[in-house]
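> Sequence:
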Amino acid sequence: MKSLKTAALILATTTTLLLGGCASYDYTDAPPTLGVLYSKYLVIGYPGDIQPINEVGVVTTDGLIQIHSVDGKSVNTLRRMKESGFYSGGRYQLHLLPGTHTLGMGFHDDRGGPSKSWSTSDITKVIEIKAGSVVHLSKWESGYRWGANINDGAAALPTITADFESLRTRTPD
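Numbers -20 to -1, 1 to 153, taken from mature numbering (1 follows the signal peptide of the UniProt record, and there is no 0), label the letters of the sequence shown in order.
Incorrect hints may have been included.
Claimed, not checked - In the DSSO-like style, the derived pairs of lysine-lysine whose C-alpha atoms are separated by at most 27 Å in a straight line are:
(1) K110 - K62
(2) K53 - K105
(3) K119 - K105
(4) K119 - K62
(5) K53 - K119
(6) K105 - K62
(7) K110 - K53
No wet-lab data here; the hints were simulated from the structure. In this text, all values refer to a predicted model and were calculated from it rather than measured experimentally.
Make a model of the complete structure from these sequences and hints.
Written out as structure tokens, the structure is:
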């Protein structure tokens, strides 16, 4: 029994180290949907018809950051499509027209472990969106402070596009 626990600990530690070193800082870093385990989200942040993905910019997150507002408007007022999973975390994409946008965001970290953490107030991030670009936001923390790194997420565009195509036909929430 003791050797089984030791083997499980070694496997968990090795997996954590390997996965931690493999972060690509793009959409694929968010938990994959794994069937019905995690969710996928599509938010359309502009009025009118849904535009082709190459005519808008896409903002993605690491699954921990939650965008609460776009240019002062709550995301609850925007068109949102979702593929529900057991956990609320997952792959998130926000489509915006080209230009400068202000995002209000918080975070919620509930990856199924014994501890959970969340932000008690939002931070604001100003981003520049270009047609066909992908801006990826990933959480950083230092002590009791946190923020959002901005990375080029274009490498994940094939996965983003596939998720977009499957979500765009869903009825908005």
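> Each of the hints needs a verdict: does it hold here or not?
Status of each hint after checking the structure:
About 25 Å separates the Cα atoms of K110 and K62, which keeps this hinted pair within 27 Å; it holds. Restraint check: the Cα-Cα separation between K53 and K105 comes to about 14 Å, which is no more than 27 Å; the hinted pair holds. Proximity of K119 to K105 is assessed by CA-CA distance (about 12 Å); at most 27 Å being required, the pair is judged to hold. Only pairs whose Cα atoms come within 27 Å are accepted, and K119 paired with K62 is accepted, the gap being roughly 22 Å.
Annotation: proposed proximity of K53 to K119 holds, straight-line Cα distance about 22 Å (limit 27 Å). Between the alpha carbons of K105 and K62 the distance comes to roughly 24 Å, so the proposed pair stays at or under 27 Å and holds. Using a Cα cut-off of 27 Å, the hinted pair K110 and K53 holds, with the two alpha carbons roughly 20 Å apart.
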